[in-house]
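full-length UniProt numbering applies: residue 1 is where the sequence shown begins, and numbers increase by one.
Read the hints as simulated data drawn from the structure, not as lab findings. Bear in mind that the values here come from a model prediction, so they are computed numbers and not experimental data. Take these hints with a grain of salt, some might be off.
Straight-line distance between alpha carbons at most 35 Å, and here's what the computed DSBU-like set of lysine-lysine pairs gives [claimed, not checked]:
(1) K99 to K32
(2) K320 to K346
(3) K327 to K346
(4) K346 to K205
(5) K205 to K320
(6) K99 to K327
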Amino acid sequence: MWTDDPRRYSDARIIFTDTEPSNWTYDRVAGKYYWHRFFAHQPDLNYDNPAVHREMLDVCRFWLHLGLDGVRCDAVPYLYERDGTNCENLPETHEFLRKLRRMVEDEFPGTVLLAEANQWPSEVVQYFGTEEHPEFHMAFHFPLMPRMFMAMRRELRTPIVEIRESTPHIHESNQWAIFLRNHDELTLEMVTDADRDYMYYEYAKDPRMRLNLGIRRRLAPLLDNGRRQIEMMNSLLFSMPGTPVLYYGDEIGMGDNIYLGDRNGVRTPMQWSGDRNAGFSRADWARLYSPVIMDPVYGYNAVNVDAQQRTPTSLLNWMKRMIAVRKRYRAFGRGTIRFLHPENLKVLVYLREWESEVLLCVVNLSRFVQHVEVDLSEFREWYPVELIGENRFPRIGELPYFLTLGPHSFYWFRLEHE
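Given only the sequences and the hints, what does the whole structure look like? Please build it.
Okay, here's the thing in structure tokens:
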């Protein structure tokens, strides 16, 4: 995308406002300006060129022939540019994505297409397409993620409830992908300025932790390596509507390196073992693209897969157990969500329902012990059965059901008849 006039597409917003003054950058060799929606070292491709279409489809074919189960497509709203528009979500973009979907279904049936569109769910839903013209099977739900962190620090369920209740309905053949962290910064684009300042204060007091209107930290350091907090946040991830997406290393509590540039601080090598280069590579350490984490708390000698596999109480084994529990109940993946509203705002309570399955989730967002009285009278004479230990709790009556939860703890119940 070249031009002599950098005033073109002036209605297109600059995404990385803290590093990029313009979407155009001058190239002295070419003597022209080139277009980039993100960093200047990431020039955009010209999707008006049919050769670009062919090449991008061939790139997907290459990886899918190697056995990948799916393709995550990055920054899908920004494929095309048109004068007089904000250059987002254009009809031509959807035409290409429908072409991609047809190729995948014809040549690689069963493959999942996942859209990364850092926008509000009301805008993202168009990337699912229609029954006649489908596009993506799944799409990331970005606004939910920062609100889960906000709810925990504020000890207030409102941010989670509000964003979930404003999420549009999608067809049963589609699904939201939900996450706590990924390979980029924890984006704060879709929160108010006041909420962004609050999140910076709570989670990124050091300016080196901030990048592109977000926080470049992994899950464990964000939560001060607190096991209770990590488990509670993952309980939300595994029990909210959508498919949970785990970022590599978070299942063992890996740390980060804020002294590395850009987003590389959260992209260090996976810590497989306590061997050289954390078992990630046999190469000389100086040839690694990123150095392994070596600090006393998060270093690969202290945090690695090999050690945690041999420790029954490790975070890795806890994660495996929670995933196994989740997979036993379709309500977690496909069920509806219905929030209950007890007086204690520090406790989040919701029902997940699918056909005959009724699951009750109760989460203490506070760092202190909390009690909650939940109106379960519609399930009078039913019994809550805790899913992890299969322990039956007292029968539900007409009066509010009373529960006490430890700091940052949770219950998953199955509601069943006698």
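Consistency of the hints with the structure:
1. K99 to K32: Holds, at roughly 32 Å.
2. K320 to K346: Roughly 28 Å separates the two Cα atoms, so the pair holds.
3. K327 to K346: 28 Å, holds
4. K346 to K205: Since the Cα atoms of K346 and K205 sit roughly 25 Å apart, the hinted pair holds (cutoff 35 Å).
5. K205 to K320: Holds. K205 to K320 sits at ~33 Å (cutoff 35 Å).
6. K99 to K327: Roughly 33 Å separates the two Cα atoms, so the pair holds.
Comparing the model with each numbered hint stated earlier shows that all of them hold.
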